[in-house]
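Start counting the sequence shown at 1; every next residue gets the next number (full-length UniProt numbering).
Any given hint could turn out to be false.
[To be verified] In silico lysine-lysine, DSS-like type, Cα no more than 30 angstroms apart, as pairs:
(1) 102 / 311
(2) 31 / 95
(3) 182 / 102
What the hints contain is simulated information worked out from the structure, not anything from laboratory work.
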Amino acid sequence: MKCRRHLPSVRSTLPARPRPSPRADSPSSQKLGDLLTQVVCDDSDQVALAQRRAAFLVLEQLLLIDQKQDQSQTDMNANLLNAASDRQQPTEAAKRAMDISKRPTELDACKFASADSRPYPMMPALVQNEEESKEGEPEPIIYPIPANEEVRMAAIEHFRLHDVANVSELNVICSLAAAEMKAPHSVVTLVERDVVTLLATNAPEYWDVGTGNPREQTFCQHFVMDDKPLLVRHAEADMRFYHIAPVTMRSLRFYAGFPVSIPCVPRAPGQPERVVIGALCCLDEKPHEMTRSQYWKLMKLAEAASAILEKTATEYIADPENHPLGQQRTGVLKPKGNGTGMVTC
Numbered sequence: 001m002k003c004r005r006h007l008p009s010v011r012s013t014l015p016a017r018p019r020p021s022p023r024a025d026s027p028s029s030q031k032l033g034d035l036l037t038q039v040v041c042d043d044s045d046q047v048a049l050a051q052r053r054a055a056f057l058v059l060e061q062l063l064l065i066d067q068k069q070d071q072s073q074t075d076m077n078a079n080l081l082n083a084a085s086d087r088q089q090p091t092e093a094a095k096r097a098m099d100i101s102k103r104p105t106e107l108d109a110c111k112f113a114s115a116d117s118r119p120y121p122m123m124p125a126l127v128q129n130e131e132e133s134k135e136g137e138p139e140p141i142i143y144p145i146p147a148n149e150e151v152r153m154a155a156i157e158h159f160r161l162h163d164v165a166n167v168s169e170l171n172v173i174c175s176l177a178a179a180e181m182k183a184p185h186s187v188v189t190l191v192e193r194d195v196v197t198l199l200a201t202n203a204p205e206y207w208d209v210g211t212g213n214p215r216e217q218t219f220c221q222h223f224v225m226d227d228k229p230l231l232v233r234h235a236e237a238d239m240r241f242y243h244i245a246p247v248t249m250r251s252l253r254f255y256a257g258f259p260v261s262i263p264c265v266p267r268a269p270g271q272p273e274r275v276v277i278g279a280l281c282c283l284d285e286k287p288h289e290m291t292r293s294q295y296w297k298l299m300k301l302a303e304a305a306s307a308i309l310e311k312t313a314t315e316y317i318a319d320p321e322n323h324p325l326g327q328q329r330t331g332v333l334k335p336k337g338n339g340t341g342m343v344t345c
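Hey, can you work out the whole structure from these sequences and the hints?
Structure, rendered in structure tokens:
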């Protein structure tokens, strides 16, 4: 006799595998087209110059991905950008930006972290933190630590990423990701040594950008253990996540995280060029499946987010006093609202 009540949870604990993509228009390209139409056609003060700039910078970055950088391609991208900015219908530019025809068509090419097994302990060995607690005792670290943790920390410090929050282009990326997954929430996170910080979101009324949550209370503590996307279809059924704050305080069940990376600085011989420092995440209170199309479009959006984050941080550290991101984040900010605003993923 089958227990129908628990069937969804049981199915959600099976290894992460994408589903074939249905033949339908891309929600993310439609969202991008709508956004471009709004910022181009609306001359009122409601659409600020920063919004227009953010939308077109995201469009330009997406057009650069998966394309050969020759003169003919450069000219084609310029024509698409001009067509969109001259109040012509931007649908074609948006479709081209979210095109994934050059990505693998095989479902097996969609790789997920820990899809079949977890290559690290469920409960890591306790590692003594350098800072002491109020009682004078060293605080144990109770989250898994990747082998490249110090490489990640060096890159984060070099680019001063803890100061790079609420970048308009990253908020646009989150809006496109949420539309593609048909999920209400999308955020960009930064996994620092002790906290996971929110850098951007599609829903600022729900998430406090710039705040952080203890690393052990997040999905992203496990995300950085691999450089592949992490898919959690039902967090309540997963021993890694059923007890963390996003699940217990926000009732989030679904998490999909895609790698956001920056260059390794300094880069040692034989070391990869880039290191994962956070994630582009989609979240929902209900479980989701993921299709091949969604997988590659979210991967493309994460790659665009990585390039935008690197560009913004490079400009910021070159002239921090005159850059718009001059307001530095110091420590973990207090929540603005009812106490759940501080819960990151």
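Taking the hints in turn, this is what the structure says about them:
Only pairs whose Cα atoms come within 30 angstroms are accepted, and residue 102 paired with residue 311 is accepted, the gap being roughly 25 angstroms. The suggested pairing of residue 31 with residue 95 holds, with an alpha-carbon distance near 10 angstroms, which does not exceed 30 angstroms. A C-alpha spacing of about 23 angstroms is found between residue 182 and residue 102, which places the hinted pair at or below 30 angstroms, so the restraint holds.
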